[in-house]
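Protein chains in written order, with this note's numbering: chain A, 1 to 230; chain B, 1 to 517.
Don't read these hints as lab results, they were simulated from the structure.
Where is the CB? At the ideal position from N, CA and C, for every residue including glycine.
Worth double-checking, as some hints may not be accurate.
[Claimed, not checked] Here are the simulated distance ranges between beta carbons:
#1 B:R83 with A:R194: 52 to 62 Å
#2 B:R429 with A:G25: 30 to 40 Å
#3 A:Q11 with B:A289: 43 to 53 Å
#4 B:P438 with A:L8: 33 to 43 Å
#5 B:V498 with A:A67: 23 to 33 Å
#6 B:P158 with A:G25: 57 to 67 Å
#7 B:R173 with A:A159: 50 to 60 Å
#8 B:V292 with A:A67: 36 to 46 Å
[To be verified] Some chain A residues near chain B, calculated using beta-carbon distances under 7 Å:
#9 F48
#10 G69
#11 N80
#12 H85
#13 L94
#14 P98
#15 D189
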Amino acid sequence: MLTLENTLIRQGEFSLTADFSIQPGMRVAVIGPSGAGKSTLLNLLAGFLDPETGRVLNQGQDMTRAAPGERPLAMLFQDNNLFPHLTVAQNVGLGIRPDLRLDATQASRVEAALKRVGLEGYGPRKPAALSGGQQSRVALARVLVQDKPWVLLDEPFAALGPALKVEMLDLVAEVLDETGAGLLMVSHDPQDARRIAPHTVLVADGVAYAPTATRDLLDNPPPALRTYLG
Amino acid sequence: MAGRAVAVRRWPGIGAAALVAALVLGTLLAVALRAEAGRGLGPSDWAAIRFTLVQSVLSAAISVALAIPVARALSRRRFFGRRVLITLLGAPFILPVIVAVLGLLAVFGRSGILNEALRWLGLPEVQVYGLHGVVLAHVFFNLPLATRLILQGWQQVPAERFRLAAQLGFGPREMWRVIEAPMLLRVVPPAAAVIFAICLSSFAVALTLGGGPKATTVELAIYQAFRFDFDLGRAALLSCVQLVLVGIAALVALKLSGNESFGAGLDRAVRRWDSAGLGRISLDSAVIALAVLFLLLPMSLVVIDGVLGIAKMPAQVWKAAGVSVVVSLGSTALMLAFALPIAIAAAGKSSWLEAIGLFGIASSPLVIGTGLFIVIYPIADPFDFAFPVTALVNAIMALPFALRILVGPTRDVVQGYGRLSLSLGLTGRQWLRIVYLPRMRAPLGFACGLTAALSMGDLGVIALFADPETATLPLQMYRLMGSYRMEAASGAALLLLVLSFGLFWLFDRGGRGHADS
Numbered sequence: 001m002l003t004l005e006n007t008l009i010r011q012g013e014f015s016l017t018a019d020f021s022i023q024p025g026m027r028v029a030v031i032g033p034s035g036a037g038k039s040t041l042l043n044l045l046a047g048f049l050d051p052e053t054g055r056v057l058n059q060g061q062d063m064t065r066a067a068p069g070e071r072p073l074a075m076l077f078q079d080n081n082l083f084p085h086l087t088v089a090q091n092v093g094l095g096i097r098p099d100l101r102l103d104a105t106q107a108s109r110v111e112a113a114l115k116r117v118g119l120e121g122y123g124p125r126k127p128a129a130l131s132g133g134q135q136s137r138v139a140l141a142r143v144l145v146q147d148k149p150w151v152l153l154d155e156p157f158a159a160l161g162p163a164l165k166v167e168m169l170d171l172v173a174e175v176l177d178e179t180g181a182g183l184l185m186v187s188h189d190p191q192d193a194r195r196i197a198p199h200t201v202l203v204a205d206g207v208a209y210a211p212t213a214t215r216d217l218l219d220n221p222p223p224a225l226r227t228y229l230g
Numbered sequence: 001m002a003g004r005a006v007a008v009r010r011w012p013g014i015g016a017a018a019l020v021a022a023l024v025l026g027t028l029l030a031v032a033l034r035a036e037a038g039r040g041l042g043p044s045d046w047a048a049i050r051f052t053l054v055q056s057v058l059s060a061a062i063s064v065a066l067a068i069p070v071a072r073a074l075s076r077r078r079f080f081g082r083r084v085l086i087t088l089l090g091a092p093f094i095l096p097v098i099v100a101v102l103g104l105l106a107v108f109g110r111s112g113i114l115n116e117a118l119r120w121l122g123l124p125e126v127q128v129y130g131l132h133g134v135v136l137a138h139v140f141f142n143l144p145l146a147t148r149l150i151l152q153g154w155q156q157v158p159a160e161r162f163r164l165a166a167q168l169g170f171g172p173r174e175m176w177r178v179i180e181a182p183m184l185l186r187v188v189p190p191a192a193a194v195i196f197a198i199c200l201s202s203f204a205v206a207l208t209l210g211g212g213p214k215a216t217t218v219e220l221a222i223y224q225a226f227r228f229d230f231d232l233g234r235a236a237l238l239s240c241v242q243l244v245l246v247g248i249a250a251l252v253a254l255k256l257s258g259n260e261s262f263g264a265g266l267d268r269a270v271r272r273w274d275s276a277g278l279g280r281i282s283l284d285s286a287v288i289a290l291a292v293l294f295l296l297l298p299m300s301l302v303v304i305d306g307v308l309g310i311a312k313m314p315a316q317v318w319k320a321a322g323v324s325v326v327v328s329l330g331s332t333a334l335m336l337a338f339a340l341p342i343a344i345a346a347a348g349k350s351s352w353l354e355a356i357g358l359f360g361i362a363s364s365p366l367v368i369g370t371g372l373f374i375v376i377y378p379i380a381d382p383f384d385f386a387f388p389v390t391a392l393v394n395a396i397m398a399l400p401f402a403l404r405i406l407v408g409p410t411r412d413v414v415q416g417y418g419r420l421s422l423s424l425g426l427t428g429r430q431w432l433r434i435v436y437l438p439r440m441r442a443p444l445g446f447a448c449g450l451t452a453a454l455s456m457g458d459l460g461v462i463a464l465f466a467d468p469e470t471a472t473l474p475l476q477m478y479r480l481m482g483s484y485r486m487e488a489a490s491g492a493a494l495l496l497l498v499l500s501f502g503l504f505w506l507f508d509r510g511g512r513g514h515a516d517s
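Please construct the entire structure, taking both the sequences and the accompanying hints into account.
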């Protein structure tokens, strides 16, 4: 269970408060007007931003000050999810050992993950030789080998076309089915939320609200969300 | 609330910056404490100050004045080899001063080709030593720099403006008044200020072409007080004078030049509608041809004489070459030890760290050398430390350039891949090995190449510290010239030229090796 306990983040004029928990395995969309703090919320959970007050807990354990790499979550960013100078296999291997000293078992896990995302045999290539969709698959293969209880997506598929994005979201859902991990996903598109996230966190007016059922929220949006959805 | 973006600790960078500051300021302090202010400056000291200022003003003014027509010609002509020529304009930066001096002597010296021609024509000979020799050498080095800086000004005029001018039927006079003169007013003063500051701390040129009471720079006076009189008090006092001069000039140059980037996009020729006409085409061609002749003729003679002289080189030259390579590589390693941590720490936000690196510009090698000598003297024999001190001072001198090359790309790596690295637990050494160093190969290669070449060709601190038994290649070459063994000196010059450019090429090439990312 991930818990944000009375957290407050402030950056100049901007501030965001959050006080809620997410149950293990929950799939949560994070939606709201742009600039409201959706990415800030994910960065807080991932450890890239420190809260001014409050605590971030994992299973009741305080992890407010833990380094990003020590937290129980794998994160994909809007861009730069792969190191262009490393091969596909190395990029995935980083999810197992950051020093890349993989033994045979670990190397075969990398190969299996690549196979799982449909990129069998792509290991020796460099990311530049891959299409945008294939690069996203490599990043997902890494999420797979990281095998963390939570996956955080900060719109990693925003640059893909609509059909490709849907394909990726379905692949994400399959990966989550297999690993049992929970999901927090920033999204601009309510359809994404309906597609794979039964719950939604609304971020608006400086507050990240506790997750509610996605269908209820979208069918009867509160005023702040209604303006955004148009 | 703090955001985390850097995957390695910042304290090594802060430590490195503090070390550099301590070295520069500490040696200054040592110098200042030793300076005998009570004695005041003698007439010969004032003469040195006057000469330093006069030659710097003349060098800057002439370099810029000559660079304007060259830059204009380059900006409005397209011709075969233009790109190569503009790249070559960057080469004097890593050309060893003493090699260039030898080349200039081969053209303008007593038995140079110019005087041979004058004698043949029955005209009086020209004399290269003294003020005009010093200025000539400075123009040789700084005309290319001035040309690049001013060319950049021309390139930054938007093409639309020339189109509009053509539409309005501007002739050369209107073009000058409306477009070119305002641009030059903006570009020329900073270029002149930079060159003025560079020429202020001229040592090797003054050592070889100046000298005597009438043509001694402050740097040379420091050296003479040190080597000939072993008068540390006077050397220290002169060092303080030099520090004030260079410090003020560097501040003015920095202030004037602001944040201009150097050398981007210079290979683009702008389409002009006012540059047709046989007169202007032949003028531009002549200007470019003369500039090329002025820059390439001395260097060609160095190569030709060098090939002839290589067989006449004494064994010490090879030994000195070996020493120089080691010193140069040591200097490069020291530069990396300073520059990498500072660049990483500065990539966060503290740009004041980058400013520490600029200490190397504001200080002069002879001043730091004098300071180190004063510090070492009571404890040990400073002459035993000639090579380490040379490597260290060269590293500090190269640091501002290295930081200028490294900080931007470091910032890109940290901003582009910092969060991904952190989320994967890639930190510390692993981050350096797997992310940072591979992504920095090209700028690292370039910075190392520059440092190695600068250190290879440096004739400064080593002249202070070397005893007759020891020498780097530039110093050995200077000694050969001093004993009129010009053929051997020419051979050494060619060797030095090859080693300097060779080291630069190797590092730069090595950095660009796998450009597949």
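To see whether the hints hold, each was checked on the structure:
The given range of 52 to 62 Å is respected by R83 (chain B) and R194 (chain A), whose C-beta atoms sit roughly 57 Å from each other. Between R429 (chain B) and G25 (chain A) the Cβ separation comes to about 36 Å, which falls inside the hinted range of 30 to 40 Å. For the pair Q11 (chain A) and A289 (chain B), the beta carbons lie near 60 Å from each other, so the given range of 43 to 53 Å is not met. Between P438 (chain B) and L8 (chain A) the Cβ separation comes to about 39 Å, which falls inside the hinted range of 33 to 43 Å.
For the pair V498 (chain B) and A67 (chain A), the beta carbons lie near 50 Å from each other, so the given range of 23 to 33 Å is not met. P158 (chain B) and G25 (chain A) have their C-beta atoms about 58 Å apart, which keeps the hinted 57 to 67 Å range intact. Between R173 (chain B) and A159 (chain A) the Cβ separation comes to about 53 Å, which falls inside the hinted range of 50 to 60 Å. V292 (chain B) and A67 (chain A) have their C-beta atoms about 58 Å apart, which leaves the hinted 36 to 46 Å range violated.
Restraint check, F48 (chain A) versus chain B: the minimum CB separation of about 6 Å is within 7 Å; hint holds. Given hint, G69 (chain A) at the interface with chain B, holds; its Cβ is 3 Å from that chain's nearest Cβ, closer than 7 Å. Here the hint on N80 (chain A) is kept, as its CB sits about 5 Å from the closest CB of chain B, short of 7 Å. About 4 Å separates the beta-carbon of H85 (chain A) from the nearest beta-carbon of chain B, less than 7 Å, and the hint is met.
A cut of 7 Å between beta carbons decides the hint on L94 (chain A): the least distance to chain B is about 5 Å, and the hint holds. At a threshold of 7 Å, the smallest CB-CB gap from P98 (chain A) to chain B is about 4 Å, leaving the interface hint in force. Nearest Cβ of chain B to the Cβ of D189 (chain A): about 23 Å, over the 7 Å cut. The hint is violated.
Hints 3, 5, 8 and 15 from the earlier list are contradicted by this structure; the remaining hints agree with it.
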